[in-house]
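Whenever a hint applies, use it, and build me the whole structure from the sequences.
In order, the protein sequence lines correspond to chains A and B.
Just so you know, we're using our numbering here: the first sequence kicks off at 1 and counts up by one.
Just so you know, we're using our numbering here: the second sequence kicks off at 1 and counts up by one.
If you're looking for bench data, these hints aren't it; they were derived computationally from the structure.
Treat the hints loosely; a few may be bogus.
[To be verified] List time: in silico DSS-like cross-link candidates among lysine-lysine, alpha-carbon distance up to 30 Å: (1) A:Lys112 to B:Lys44; (2) A:Lys83 to B:Lys80; (3) A:Lys60 to B:Lys96; (4) A:Lys89 to B:Lys28.
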Amino acid sequence: MAQETIEGINPTRMELLKLKDREKLAVKGHSLLKEKRDALIKEFFDILDRVKGSRGNAEKTLNEAFNDLTSAQIVMGDLAVQKAALSVKESVDVDIDSRSIMGVSVPLIDSKIDSKTLIDRGYSFADTSVLLDEAARKFEKSLSLILELGEIEKTIYLLAAEIESTKRRVNALEHIMIPRLQNTVKSIEMRLEEMERENFVRLKMIKSSMAEEDA
Amino acid sequence: MKSVAVIGDFDTVTGFQLGGLKEGRIVKTNQEAENALDELIENKISIIIITEKIAGNIREFIDKKIGSDLLPMIIEIPDKSGSSEMDSDPMGELIKRVIGVEMVK
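Shown next as structure tokens:
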């Protein structure tokens, strides 16, 4: 790799000390970020286990629900189904909280979708079919699955974004910042040594010329 | 406070109303969908369920509105015609990008 250094720094002892401090900080930051990245990835895998099948499951239930809904619409007619749907009581009660995984706040959904009995639903039985009951039950079930799925997927997206940015920072430190700082420190050290040698030679020359004058 | 809402076609909205989710918007055009989404966000609805088809049509609008915010949460679901077969698996791609290896599911 090219010996990149930080431009515009004077080769003085003061700057050398400052640079060494910066390097120390960068190395420390790098190891911390690396730990953060590893912890995030571990969390990510844990959640990945949960998402497996969760989507498929929710979609399957929803699909069944739509099938039942269609059957109900065939038997009762679109409008009657809509009428029944409008008279169903609101039953979804969600509580959204957030928790923090390594500084990333992710949602926690606490949904209370109580499975209702037929009477609780609120539509009349006189003009509805049993297929409608089935459809309503399945939609209730898929609703809770969907909310759970949403929570997991959102968590995954948020975690993924955080992992990516952490990774980028780790790499930037590891491959650019730290080598640059090291190279600059090295070049300043070499420059200082060179100046010392020059000075030494100068002193020697002065000494010898003074000795000559004395003689 | 109503905190869950659904945006979708007639059948989707009716179905979720049957399931006890009353806040539903039936949309037909992209413009309607964008307006509905705007309104729901304005009303501080925290979870918005939207059908994949509509979400796909107004993807840019959604990305602009939500970004990486925690809320509202958009959940995409398939509609009556079933899961739209996407050419790519977004979740799998995301995992590959993040971890760097393909996960066998």
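Each hint tested on the structure:
1. For the given pair, lysine 112 (chain A) sits about 19 Å from lysine 44 (chain B) by alpha-carbon distance, which is consistent with the 30 Å threshold.
2. The hinted pair formed by lysine 83 (chain A) and lysine 80 (chain B) meets the criterion: a straight-line CA distance of about 19 Å does not exceed 30 Å.
3. In summary, the hint linking lysine 60 (chain A) to lysine 96 (chain B) is supported, as the alpha carbons are separated by about 26 Å, within the 30 Å threshold.
4. Straight-line distance between C-alpha atoms of lysine 89 (chain A) and lysine 28 (chain B) comes to about 26 Å, which keeps the hinted pair within the 30 Å bound.
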